[in-house]
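Number of protein chains: 4
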Amino acid sequence: MTTDDEERGMNQRNATGTLVVSCPDRKGLIAALAQMLADHGVNIIDTQQHTDLEAGMFFQRLRFDATDLDISRADFKDLLRIKLSRFDMDWRLAFRDEKKRVAIFVSKFEHCAYDLLLRHRLGELDCDIAMLISNHPDLQHVAESFHVPFHVFPIDKNNKATQEAMEIALLEEERVDLIVLARYMQILSPGFTERFPERIINIHHSTLPAFVGARPYHQAYERGVKLIGATAHYATPDLDEGPIIHQEVEGCSHDDRVEDLVRKGRDMERITLARAVRAHLEDRIITYGRRTVVF
Amino acid sequence: MTTDDEERGMNQRNATGTLVVSCPDRKGLIAALAQMLADHGVNIIDTQQHTDLEAGMFFQRLRFDATDLDISRADFKDLLRIKLSRFDMDWRLAFRDEKKRVAIFVSKFEHCAYDLLLRHRLGELDCDIAMLISNHPDLQHVAESFHVPFHVFPIDKNNKATQEAMEIALLEEERVDLIVLARYMQILSPGFTERFPERIINIHHSTLPAFVGARPYHQAYERGVKLIGATAHYATPDLDEGPIIHQEVEGCSHDDRVEDLVRKGRDMERITLARAVRAHLEDRIITYGRRTVVF
Amino acid sequence: MTTDDEERGMNQRNATGTLVVSCPDRKGLIAALAQMLADHGVNIIDTQQHTDLEAGMFFQRLRFDATDLDISRADFKDLLRIKLSRFDMDWRLAFRDEKKRVAIFVSKFEHCAYDLLLRHRLGELDCDIAMLISNHPDLQHVAESFHVPFHVFPIDKNNKATQEAMEIALLEEERVDLIVLARYMQILSPGFTERFPERIINIHHSTLPAFVGARPYHQAYERGVKLIGATAHYATPDLDEGPIIHQEVEGCSHDDRVEDLVRKGRDMERITLARAVRAHLEDRIITYGRRTVVF
Amino acid sequence: MTTDDEERGMNQRNATGTLVVSCPDRKGLIAALAQMLADHGVNIIDTQQHTDLEAGMFFQRLRFDATDLDISRADFKDLLRIKLSRFDMDWRLAFRDEKKRVAIFVSKFEHCAYDLLLRHRLGELDCDIAMLISNHPDLQHVAESFHVPFHVFPIDKNNKATQEAMEIALLEEERVDLIVLARYMQILSPGFTERFPERIINIHHSTLPAFVGARPYHQAYERGVKLIGATAHYATPDLDEGPIIHQEVEGCSHDDRVEDLVRKGRDMERITLARAVRAHLEDRIITYGRRTVVF
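Residue numbers (my numbering), protein chains in the order written: chain X, 1 to 295; chain B, 1001 to 1295; chain P, 2001 to 2295; chain F, 3001 to 3295.
Calculated directly from the structure, the hints in this document are not laboratory data.
Where hints are given, some of them may not hold.
[Claimed, not checked] Keeping only pairs whose Cα atoms sit at most 20 Å apart, straight-line, the calculated DMTMM-like set for lysine to aspartate or glutamate is:
id: 1; chain 1: B; residue 1: K1264; chain 2: F; residue 2: D3126
id: 2; chain 1: X; residue 1: K27; chain 2: B; residue 2: D1046
id: 3; chain 1: P; residue 1: K2264; chain 2: X; residue 2: D126
id: 4; chain 1: X; residue 1: K264; chain 2: B; residue 2: E1250
[Claimed, not checked] Quick list of the computed label-pair ranges, beta carbon to beta carbon:
id: 5; chain 1: B; residue 1: H1151; chain 2: F; residue 2: E3194; range: 52 to 58 Å
id: 6; chain 1: P; residue 1: A2161; chain 2: B; residue 2: D1255; range: 40 to 46 Å
id: 7; chain 1: P; residue 1: S2072; chain 2: B; residue 2: D1255; range: 32 to 38 Å
No residue lacks a Cβ here, since even glycine has one placed at the ideal position from N, Cα and C.
Chain X with its partners taken away, still in its complex shape (with noise of 0.2 Å):
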């Protein structure tokens, strides 16, 4: 049973829009961008924004509702690209009823694509979960459990190339807007992450830049650290090296061998990864340089 009120509301939710800009910062920027939506219909809800002072640098996030939007979006598109231009603006417009499509790469490690599709479940990520993609069959089990199309890309050192045009050519027919891998133990190549920049999610299991490369966990353990961790960055042909959105920690002791510096980093990895794929599916992340602004 729904109520006209109850209808509306979800009209509303539908109708939800976002725009993130960044740009040299200058004057009058904030009043500007307020008065371009006010001239629409478009009521602003919330709005982060922040200044790189160092940098010069102006970023902000509008979430507006576009419910009485005057204009086409077609036509609102048209308008903020004549508009924003002048102010040399990257932007980017995104609709809530336009979800975005998400491809989990994993390879035989389950802990970190299970979390993600029970949180799509639950409701945490607002998104379609278009396919897992995996160079091992071994967890077709988790994509049927959660009825997610698998698809399997064995990969070797002779066949990378070909198969890694595949996945390319399958991502980019299923229109696939963000990649995530989900503990994915092959390295893409610099011609695959330069396809999807900004695109792909990629979680390590250290608090980067600490132990880069493999086997973090046994590099924490010989360190004999207090603090294992991890980090979502977004994937750049420099491994390791790309903008970090996200990060946690959690104590260890003497008291940890290996298995246990895993076993609790699994519990960080999970929720750093989900953080991030949150925070961009919600259009919260700016990167610039090696920097990220997450709002």
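Using the hints provided, position chains B, P and F relative to the given structure of chain X.
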């Protein structure tokens, strides 16, 4: 040796202003505020904004550079008063070069007062420490070592009204903006707290609403909790019920006796109180009902 | 391919035993216990010990390798019974190859049950999951996807006593050692909880003693707290008053609506419950009065 | 007014001893140690024990009441030397009434030294603060306000060897047991650190091994990390490579400039250093290789 650029930087910093507003939510508020500032040569440095959709309330903090403000500050204030009245807006305006004056109330525990004084000396708290007030003479040496006036008002059940009246007189004479109860072990009378609404910050040594009242560490020990913490809140006539500003916790275990909880708690008290005071001094806090927005 | 060394390692692991004792403190307890084990070829792997000086109580957990135990386990138990009686000792003995059997109680929320089942599959929880019990049929798919028996006992105010009697019969028939209330939304009758003392772990979605009773996230939102969390405790006839095993919190802000607290809380619930269950399964917990020692 | 009971309590406290041992693991160690103490009227208050199965190493800390020790402390030490030698044991013995003497090294930053001195006054650190040593005269007022001797040893590239020799002479003359580098901004020569093995605690302002070397907060800012922290470790000739004792972190964001990281980091530095110093003073730390056991 100060260069011209540095001098200009200094002027800008001193001319930094903060406008904090709250009002019933309606369309166009963000554009209207931004435009009002832009119209008078004021450049917004950064802004934080929040809408409580359930309460239908709008909140915004705008930090701006008033170096090129084209009217006097007094006229600017009048202008805001006139223009903001039509939005039914609560607002306040602060300039960085008009430092807030702070009085720290203490009894016999020195750690919170020490911490605030040290942070002030290190430049973390942008204010003037006008005085320490105590109901005991014990902490005079703390005031002296930081060159701050120290006033003792001994309080018993017969003289409370008189002593508080004298405290109020002193606070008003010294134009004190903020009172910090740094483990002050006397309950202020309702008349006192009502005199300084949202201008008295108290630190309670538990994560409220757990363990209200006396001896919270003993209560926590009795209950066998596994976390202890502290809460900074604005003082109201209802003890321990004022709007919460910040809370911190730390883990504890069977190994911690009451004295260990007290020791661990001191760190939480210091950090929590300092954060709350800093947020207040930077005009980041807005209260509504029993809640706070902390930008 | 298993080497001899690996096989011996496996035997050792299976023969690992844990002795947990508590008694009034007196001289010589540590020496007496260690000697008793040494006398029968038992090698202590590690030990944790605690003395509550105020309560005058002694607590110890000894994990040992029983590969070379020179008498039968039954005789060893008899021996302990005889020898430890003179110290007025409460004690329990567990062997790793005699796995505890666990029943998970659920209602309609799946996240905690899912989490426990996944951790079990990943090897984090060394037990047998004997069954899922629910008062609703909704989570059958969860049980199925992990191949665990699922039993539904619908409960209303008329049939509670009968249904609980049937649950108890099933639990005892299946020799269940530990009951985990994984967001089970029915209050167990005192007769039920008293039947399984220190063998029922509940997860409450607040940091007790804050927000006892129903809808703690709503209560937390109303109070405007800046931290939310979860508490795992043994269930007793006094609701939300049982001995606390573990607590976790996370920060929240004005930006979090009730649904955000619920989402953030889910992570705290999962981690807190899993830690408590793991500690119980490893025989790390001793209760006395309303308190726990968690080694 | 001290009652007889309180006096006895005081004597007991003063007669509290701590025995810390490490050796290759073998059967019967716990029983042998406990028996050795029991044989001489010594009552164990509590004990912590750890076995590193991979390294084959055994570690134990025994805290005991030596009020009824039936031989002299000197004889007790001789006895331990003789009896423990057959286990190939490293061991040390400390009595609470033989307080450790601490020297705090500082440069121009006062927050860590202040914090240690305040904690000492509050009774958190059970030691004598023998002196402050600095390479600059700036912090004399800190030493004075806590009535601690202050010695200045200005260091440049020409006089380092001479000045360090004088420092060592002073430290040895004053029987200093522990040196705390409280943001001392001079690298100690290898000869100095080797003179005081496991007796120099340094605070590094990052979560090692991330951001070794100079200006870690600037490095952290450049990398765009989302957590900053501090590491307390024993100083060795290999800079920033010594065994880690404790680490703490706090979240940071795009909103934090370098100066904000510095401010947040100060809190982490203070807490981390204080914990490490306290653990050392209570003889809770054992190092082996690059690792520490911290009981």
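Open item on the list: Tell me if the beta carbons of B/H1151 and F/E3194 are separated by a distance inside 52 to 58 Å.
Closed with: holds, 54 Å
Open item on the list: Would the hint linking X/K27 and B/D1046 be met if the CA-CA limit is 20 Å?
Closed with: Satisfied, since the Cα-Cα distance of roughly 11 Å is no more than 20 Å.
TODO: Please work out if B/K1264 and F/D3126 have their alpha carbons no farther apart than 20 Å.
DONE: Since the Cα atoms of B/K1264 and F/D3126 sit roughly 16 Å apart, the hinted pair holds (cutoff 20 Å).
Open item on the list: Would the hint linking X/K264 and B/E1250 be met if the CA-CA limit is 20 Å?
Closed with: holds, 19 Å
- [ ] Return holds or violated for the Cβ distance of P/S2072 and B/D1255 against the range 32 to 38 Å.
- [x] holds, 36 Å
Open item on the list: Given the hint of 40 to 46 Å, is the C-beta distance from P/A2161 to B/D1255 inside that range or not?
Closed with: With a Cβ separation near 42 Å, P/A2161 and B/D1255 satisfy 40 to 46 Å, so the hint holds.
- [ ] Please work out if P/K2264 and X/D126 have their alpha carbons no farther apart than 20 Å.
- [x] holds, 16 Å
Of the numbered hints stated above, none is contradicted by the structure.
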